[in-house]
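Peer 1: Residue numbers (our numbering), protein chains in the order written: chain A, 74 to 425; chain B, 74 to 425; chain C, 74 to 425; chain D, 74 to 425.
Keep in mind that the hints are not guaranteed to be accurate.
Since the list gives no way to pick out one identical chain from another, each pair is judged satisfied if it fits inside one copy or across any two copies.
Below are the SDA-like pairs computed for lysine to any residue, each with C-alpha atoms no more than 25 Å apart in a straight line [said to hold, decoys possible]:
1. LYS77 x ASP295
2. LYS378 x ALA188
3. LYS348 x GLU305
4. LYS116 x THR334
5. LYS268 x THR157
6. LYS378 x GLY284
7. LYS348 x TRP141
None of these hints come from the bench; they were simulated from the model.
4 protein chains.
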Amino acid sequence: MASKARVGVLGASGYTGAELVRLLLRHPRVEITLLTAERSAGKAMRDVFPQFSPFDLPKLVTVDGLDWVGALLDVAFCALPHGTTQTVIKGLLAAAPSTRVVDLSADFRLHDTAAYAKWYGHEHLAPELQSEAVYGLIETHRREIRHAKLVANPGCYTTCAQLPLVPLIKANAIELDEIVIDAKSGMTGAGRAAKEAMLFSEVSEGFNAYGVGHHRHMAELDQEFSLAAGREVVVSFTPHLVPMNRGILSTIYVRGGRGRTAQNLHEILIEAYAKEPFVHVLPFGETPHTRHVRGSNMTFIGVAKDRREGRAILVSALDNLVKGASGQAIQNMNLIMGWPETTGLEQVALFP
Amino acid sequence: MASKARVGVLGASGYTGAELVRLLLRHPRVEITLLTAERSAGKAMRDVFPQFSPFDLPKLVTVDGLDWVGALLDVAFCALPHGTTQTVIKGLLAAAPSTRVVDLSADFRLHDTAAYAKWYGHEHLAPELQSEAVYGLIETHRREIRHAKLVANPGCYTTCAQLPLVPLIKANAIELDEIVIDAKSGMTGAGRAAKEAMLFSEVSEGFNAYGVGHHRHMAELDQEFSLAAGREVVVSFTPHLVPMNRGILSTIYVRGGRGRTAQNLHEILIEAYAKEPFVHVLPFGETPHTRHVRGSNMTFIGVAKDRREGRAILVSALDNLVKGASGQAIQNMNLIMGWPETTGLEQVALFP
Amino acid sequence: MASKARVGVLGASGYTGAELVRLLLRHPRVEITLLTAERSAGKAMRDVFPQFSPFDLPKLVTVDGLDWVGALLDVAFCALPHGTTQTVIKGLLAAAPSTRVVDLSADFRLHDTAAYAKWYGHEHLAPELQSEAVYGLIETHRREIRHAKLVANPGCYTTCAQLPLVPLIKANAIELDEIVIDAKSGMTGAGRAAKEAMLFSEVSEGFNAYGVGHHRHMAELDQEFSLAAGREVVVSFTPHLVPMNRGILSTIYVRGGRGRTAQNLHEILIEAYAKEPFVHVLPFGETPHTRHVRGSNMTFIGVAKDRREGRAILVSALDNLVKGASGQAIQNMNLIMGWPETTGLEQVALFP
Amino acid sequence: MASKARVGVLGASGYTGAELVRLLLRHPRVEITLLTAERSAGKAMRDVFPQFSPFDLPKLVTVDGLDWVGALLDVAFCALPHGTTQTVIKGLLAAAPSTRVVDLSADFRLHDTAAYAKWYGHEHLAPELQSEAVYGLIETHRREIRHAKLVANPGCYTTCAQLPLVPLIKANAIELDEIVIDAKSGMTGAGRAAKEAMLFSEVSEGFNAYGVGHHRHMAELDQEFSLAAGREVVVSFTPHLVPMNRGILSTIYVRGGRGRTAQNLHEILIEAYAKEPFVHVLPFGETPHTRHVRGSNMTFIGVAKDRREGRAILVSALDNLVKGASGQAIQNMNLIMGWPETTGLEQVALFP
């Protein structure tokens, strides 16, 4: 085999950064040559994530003023906070245009700069890149991603909602104005920043909704669902926090269009995902648990009949740090590098 | 003050039984004179629930062949399994007709014996009592309960769904055919029977839906919503299990009827519950956490605007063992005994 | 009954503050007339702890520049951070000498100002008060506390370790140089400050020791054990964090002195606590769970035989926020106010 | 590469069985050709562990009457309950003597049949095999294991205690009569049998010791520590249950022998494990978290100075299902099959 590809993780001290390192350490085609972190610059990776203590990894450095040319990165994973991301990637691609970038932030997911400005409250700082970025939901956009220079890795909530819904919307199989998505996420989705509301004692032994009626992920759903439908689609979406570390489960209420039954919807999904390595549709009537995909890149989807005539309930589950973030990012890397998509992502779910 | 009322807890070795004992030990108007348990008969209560070790309580006895006359119970709380309940209460009321019964099982909640037979798979064993039983959701049926001999204490899921919805249905304020209830419960709702699926390692660090499309609680919702509406109402309802001990949270998606906005719905609920001691409607736009009612008899309700025009999202939260079971049962006892409804139920939520 | 005593909670936005409010709201002899919080000054208590939403409570104010005379407090509970405490209490007692103070911080627990300086790294700011403060472990120092103006409420770890050990040390029943205390605490013991290490995702599904070999609580143990023994006693003590909100469990390894068996040690404890309302010694061989004291002011103690001849294992459990902090503080208030010690503290443990 | 080795998992419906399947599915040298389960015989593996739904695995069959010759197993992992194991392995090795067996039960760990009878209450059913079985703690017994036909895979608690202690005992570096092991385990250690005490609601939000003074694992510790010391060693050992799925942490209190300091003990361990792939000694003074080894085959060991002169505190952590059971079993298979020991065990810890 030729020499390994050189990859960097920008923002390695957060949870998606650590998850990238966990997976990349066992990816046979890459070596990790760069790790950045701002407040922890100068430290070893083991100081911020002791599980890496037995491994030999580059020291954390600050992203400011990095010599992108000298870094010689084949692929850069960008797991930086919103905002910072735009500036960093702009600089990186200007200096080292042959580096491929997979961005895990929300910064390049919206094609429409007006939508971006509306939801994020300021003008986009790299609008020329935004138009060039490819939205990285592989099961939907595989062809465009293959040649992308900059991939906008999808959000965890939105991946979990799109995988069951997009094939149904494309098939014109459900009523577009009656979609309700009730989503539940583990706590790693909230990131590693120290906030009172995320303390163990605030979270454990409790459950709550948040951002009711106005969560930012909606913009991404609007874009992709409308694209799939060929018309504007607006869904109800409510996120909740579950006292667990990993996992997202979406319970989705739909009405079949033009006489479609729940079974029909199930058949469409079975067919759509027959060859996908990381989407598994359960037998009709079975619904997934988040624990059955924990630590793996897999998405499980179930379809059941609602007792209200003509309606169905879809349930999808994935690990927000893997298929919802770092695993999907590596899948994107594999795709743009021309490697088998499953490389380095074969880990089986950890349960119990 | 006169002597204390004599109360018994039938089925004291389960979670609702223990919760009754917890609350009754501090209720100023009662003394616990009888505790039953089948497999643990002969043991002390401390052997099945060591937290009662410091307290003086009657020994557990079997309910079979109990001398109901000699027991001289003013009130019997029945926390027995489904099925058994019908036979036991029939015997108790036949022998000791002056004893008031608050039943925490599902056995007497459905007025319609045909509905009962359909959902539970067999004929009701005490149909004459079923017609006499009063459905014990106090905020809705206070007047009938006051004179009841047998109160059918509502289910935990259904209490959590009815409290936000019944006033809106009665006010004809929402579209009856578009109600979606996405409910999430802590694990004590599953009871204390040893089942593999309820083991810690099966539950922790995970989340799942269950009984999708066909949960038994639906019969109770159908009955009460249809009663409130004056026509048949069928809702979508999906229960989920949260890795926590206590708490139910319902996220409810509704469409305002005849131009009603989310704010209008909020006003209706504020007014409906202005004087209720155990239902608290949060300011518009705020939604509750289960942790904020843990261990208390309180239900918190929030109302927020959906971004889809004309729609609202209701969120309600209660402790399934208190307002969802034993606390509500004691509230029912207080009501039928003519005591202030809040007696013995003043405990403030335990958070964190 | 005469009018209620006026009590204030200084530092109401932390966990021990909230726990004080939870208990004081149901204490029949007091009314809460003052609540302070620094960063949250100006807010309602419900904004920092939504469980209090249904209750009428004073608005949070800053402690700086408070008019202590006008406040007319009978009792002030001080739940402020280390350091601040000394200055605030000094000012309070200077301005309003008739106010009794129960301090929940570590600031006044050490009689020896040199020990204080060594462990905390700076001189004590109110040494004259330190000498006057009474150490508030009621079961050991009841007599002195009764007349105290300033009570230093013990730490949670140290309460849990002292209750089983002090009677044995006083009885000269164990080898003083072979005591090992392995302590495990729930996360509320770490307080509400937003720190990365206390985030849910850092804590859940894991277990660890911390401060191995050099935890500050040791100074308090040294003082009290040496006092009980009449000579210097130094123990091994290792604290651990358990992924739960409440509870401390100490597993204590001792060797019986002069032929004492584990049974002998058990008898000494049974006798020592025969009349204590909040210490319960289990039958020989049984050991407690933290869950069996959750939310209550109770401490459970068990004694078992070690298989190594002549040795015993003691296990003690309490709720760190109740008997380990706010409950014990209220018990101290009851004592100094001449009320029955159990007033307002009768709540039974919440399990499950 | 030659054809893959054929391996079977006897007892595949328990947690160690599932963990074996998780790891073996990604082991490059084996294929799973046999899975047994008693109550679930006839089902697919996905019916008892839905995470395996996407994989092609043999159907579960009962172990009774299996044709061991026809099964053509190169390696059999035995994850059956205590007792059954002896009979099954006896039959297997009689019929198919070329099959190598790695047994995960406790049945063949004790060389002394008298010790076995004492701790387990009955005579051993295959004493001739017991004498032949090799105790499978690789770091201690690598040489003997290489040629074993039957490996008795060590227990999880005992692996976690032996790895830090055996090198110190062998080096005669600690006082043998003052060892205290305080061990804490996640709940998967209790297995998958449905027991009330293991229900989520009994376990969550609580902590407790169990088997205080008389846990069966002690026999295994006695044997190995005495072997290492060349004299009888009896330690204090107390197991506890932590509300988490995976992980064991042992806090071990020792006194250095003949003037050894904590630093000396650390040096001995550093040297002992310098070349071991799955034991990692942290820098002096650092102690491990269970979360940092979750899902991996790694053991982390820390050494810190106790404040009591001449004493040290050792802390070790491993994943009870991996290094404490199935991972170590695969490491044993690798060893007896002559493959690199780390094959199939390279997975990095899953944190958060």
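Peer 1: Please go over all the hints and tell whether each is borne out by the structure.
Peer 2: The hints, checked one at a time:
1. LYS77 x ASP295: neither (39 Å within a copy, 49 Å between copies)
2. LYS378 x ALA188: Answer is between; shortest inter-copy Cα gap is 21 Å, intra-copy 35 Å.
3. LYS348 x GLU305: neither (29 Å within a copy, 44 Å between copies)
4. LYS116 x THR334: neither (57 Å within a copy, 29 Å between copies)
5. LYS268 x THR157: both (20 Å within a copy, 23 Å between copies)
6. LYS378 x GLY284: Between copies only: 11 Å across chains, 29 Å inside a chain, cut-off 25 Å.
7. LYS348 x TRP141: This pair counts as neither: shortest intra-copy Cα distance 38 Å, inter-copy 37 Å.
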